[in-house]
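Trainee: Go ahead and model the full structure; you've got the sequences and the hints to work with.
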Amino acid sequence: MTTVELKDLKTVPDPIHQYPKTVRSSALPLVIDNGSYNCRVGWSINKEPLMIFKNIIAKPRKERGKKDGETQVGNDITNIEAVRFQLKTQFDRNVVTHFEAQEQVFDYVFSHLGIDTEGSVNHPMVVTEAFLNPNYSRHLMSELLFECYGVPSVCYGVDALFSFQHNHPNCKTALIVNCSYHTTHILPFIDGRVDPTRARRINIGGFHIINYLHRLLQLKYPAHYTAITPSRAEELVHDQTFVAEHYMEELSRWADTDYYEAHVVRVQLPYTIAPVAPGLSAEQQRERRRELARRLVEINARKREERLAEDEEQLNQLLAVQDLVEEGEEEEFQQALDSYGLSNLADLQKMISQLQTRIEKTRQKIVAANTTEEPIVEEPKTKSKILKPKDQEEFDTWIADIRHKRQEILDKRNARRQRRQDMARRRTAAAQERMRLISQLARKEKRDDTFGMRDEDWDVYKAINKEGGDSDSDEEQKLLDLEEVLRQHDPEFEDPSAGNAATTAETHQLHVGVEKLRAPEILFQPSMIGSGEAGLAETIEFMLRGFSPEDQAALVSNVFLTGGCSTLPGLEARLRRELQEMRPFKTTFEVTLASNPSLNAWHGARTFAASDMLQKYLMSREEYEENGGDYFKEHSASNLYYPSPVPLPQAEVPAPLGGEDIEIDPF
Amino acid sequence: MVKRKRPNTPVGDGDSAPSSVNGSGIPSPVSVDASADEEKRPIFKDSNFQHTSKSSNKKRAWRSLKQIIAQERALPWKDDCVHYSCIDAPPSFKPPKKYSDISGLLAKYTDPQTKLYYAMAEEFSTIRCLPMDITAGYLALRRANNPMG
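Residue numbers (this note's numbering), protein chains in the order written: chain A, 1 to 667; chain B, 1 to 149.
Careful, some of the hints might be misleading.
What the hints assert, rightly or not - Cut-off 35 Å, straight-line C-alpha distance, at most; resulting in silico cross-link-like pairs (DSBU-like, lysine-lysine):
# : chain 1 : residue 1 : chain 2 : residue 2
1 : B       : Lys97     : A       : Lys586
2 : A       : Lys88     : B       : Lys66
3 : A       : Lys633    : B       : Lys66
4 : A       : Lys172    : B       : Lys94
5 : B       : Lys78     : A       : Lys633
6 : A       : Lys412    : B       : Lys115
7 : B       : Lys98     : A       : Lys220
8 : B       : Lys66     : A       : Lys62
9 : B       : Lys98     : A       : Lys586
Hints are computed from structural coordinates only; laboratory data are not their basis.
Mentor: See the structure below:
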């Protein structure tokens, strides 16, 4: 068992690079590996890409009254989770579809390279694209590069093929397996060209693995739903997951508890120790109660005083009325009596005396309340009903008794829970019993009814209650009391609640066990995420069947593995095993892994850009304008050019800047 | 999305006229954000550029891959042409294996109530205690959920 801390790496914003004079004047080719996960950019003279950043854009939502936030691209986004819902990418699967986003990415790239030439980016471009990139998408990409950035010439290539060229420069036949972020390509490379008719693409990649692990962990730990973020899942995929060589065997090993314990990884989520222990201490509770009591006393006092004032007021009025009689003003007196709803003098006098006694009482009460200001002395609640006996022997029986009591309550509770569940479903014994009772009850009402004569009769309602009888908050309280006693006196007592929650750290740990191999397995078994596609091995087998035995042998003799996902440990070994299973007995095959699966595509493109071949394969702006947007020049690492049978709808629209812009071409 | 208000420079001399920003040639670290704001528009861009597919339809500017593929398939390609949707992986011919939804182990049983797979008795009791949203989440993960019930 190991415990790992999450790194939660923050990206470092890209610096703005120098734009040296030599680069500026020499029209040096720029190499962009535009992948759906990372974008890698560098000049053809660089050994390694100058910039590597996630191909994503965060555009803050417009808020009224606020200034528009700044759009962030790639490594500008230091905390992806903060802007998770504003993220955009130019990709739909492995194809660029959103060219406004692509434009923002290019802006980011060119400005960070320090390019400051006015009105154009005066460098030929080598850009990677998806295998069999739709003409529509390429057309828009060319349009963007030529017409927005004034790029002199462009060359497109396929990332997998560039990576292959980099690793096997002179190899003519191979089976290229490119496991990337959204897709997995299997490309048969025969006699120096990919055979596209028999190539296959599985629409599963690293993105799906990350997503799968993310959801699995969220469902396993609903309490940490928000703490389990996609970027953390990504980190776990990068650091912890592996491809099992024999998935079934590995699974059966994990089924063993000892093996699980030994190999599970505990991932520590960040946490803060709760500032106050949950629940109030006894002292605080007493304080709170006292406070409440005081407030009640105050309210009462205020009420009493109000009543007193009211009564005194009425008394004065009544006395005034009485005075009227003494002064002999009969008429007014009668009026006043009517207004109080009284009939004669006797009533009035009675009412006056009543009022007087009431006032007297209230006064007394006020005095009493003021003198006994602190009457409520808290008696500690009688927890002392469970006292610890002194004698050891007695203690043992006592504690056993308490344990027994607690167990009884627990059993009862479990039984209740079980019954509730059973009753919720039809066709269980419990549910049938309930229905029987109900029908019996209904029948009884008809004839002479003795129901309710005995107290026990009413218990039947407990029995038919769907909640499974009384919930018994009393018993819950008793249980808590018992547990409290046990916690104090019983050394063997394992606290069900606090026992597991011994430390906050442990409650914030994710146990990543089977998930380590389960997540990457979707490459081989897409059915695990409900996809009907064949897995990697099955697709390879399917594809090989389309070739003659000689070609099959030639292909498997050089299986080349590239793409970000092939950095998963064990993928190479797994592929070997699968090939061994599908190939005839005693035939040979070879699997090689790219020297740097995620960067080799850029390296290959760079080598290509630095070679003399480039000039031949660059498509200039004139060629773009003449041949239409889907045109490009084929080369050893490119797609095949299939001109669209019907001009693309956009191609018909004459480019607004038409022929007048040609002079920017430096060649 | 991004509205561009561009100065109405005459068409055609986008690269000879000073671009709408500052005309100086200083390698200004203009766009730490690369947003195409009017003032911050990078110097190297053609100030008159507009995506052709953008202007035609304001509301739904960018076609999704699905639409692009559908459009591509509808074209009268020659027989030897291969395009994006031609190389989709074949459907799996093997019966999908069942794995316990909660533990990932090989599952022998299915809970008739929740429809979750499980490997052993202990898992069963765990499954029965799971709240609805979790069981629904597990089913959705392998696309076995039926929203209609």
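Trainee: The structure should be examined with respect to each hint, and the outcome stated for every one.
Mentor: Here is what the structure says about each hint:
1. Distance restraint check for Lys97 (chain B) and Lys586 (chain A): the Cα-Cα separation of roughly 29 Å lies within the 35 Å cut-off, and the hinted pair is therefore satisfied.
2. Taking the CA atoms of Lys88 (chain A) and Lys66 (chain B), the gap is near 18 Å; set against the 35 Å cutoff, the hint holds.
3. The hinted pair formed by Lys633 (chain A) and Lys66 (chain B) meets the criterion: a straight-line CA distance of about 26 Å does not exceed 35 Å.
4. Our distance criterion of 35 Å between C-alpha atoms is met by Lys172 (chain A) and Lys94 (chain B), whose separation comes to about 33 Å.
5. Between Lys78 (chain B) and Lys633 (chain A) the alpha-carbon distance is near 19 Å, which keeps this suggested pair within the 35 Å criterion.
6. Taking the CA atoms of Lys412 (chain A) and Lys115 (chain B), the gap is near 29 Å; set against the 35 Å cutoff, the hint holds.
7. Taking the CA atoms of Lys98 (chain B) and Lys220 (chain A), the gap is near 18 Å; set against the 35 Å cutoff, the hint holds.
8. The straight-line distance between the Cα atoms of Lys66 (chain B) and Lys62 (chain A) is roughly 29 Å, inside the 35 Å bound, and the hint therefore holds.
9. For the given pair, Lys98 (chain B) sits about 32 Å from Lys586 (chain A) by alpha-carbon distance, which is consistent with the 35 Å threshold.
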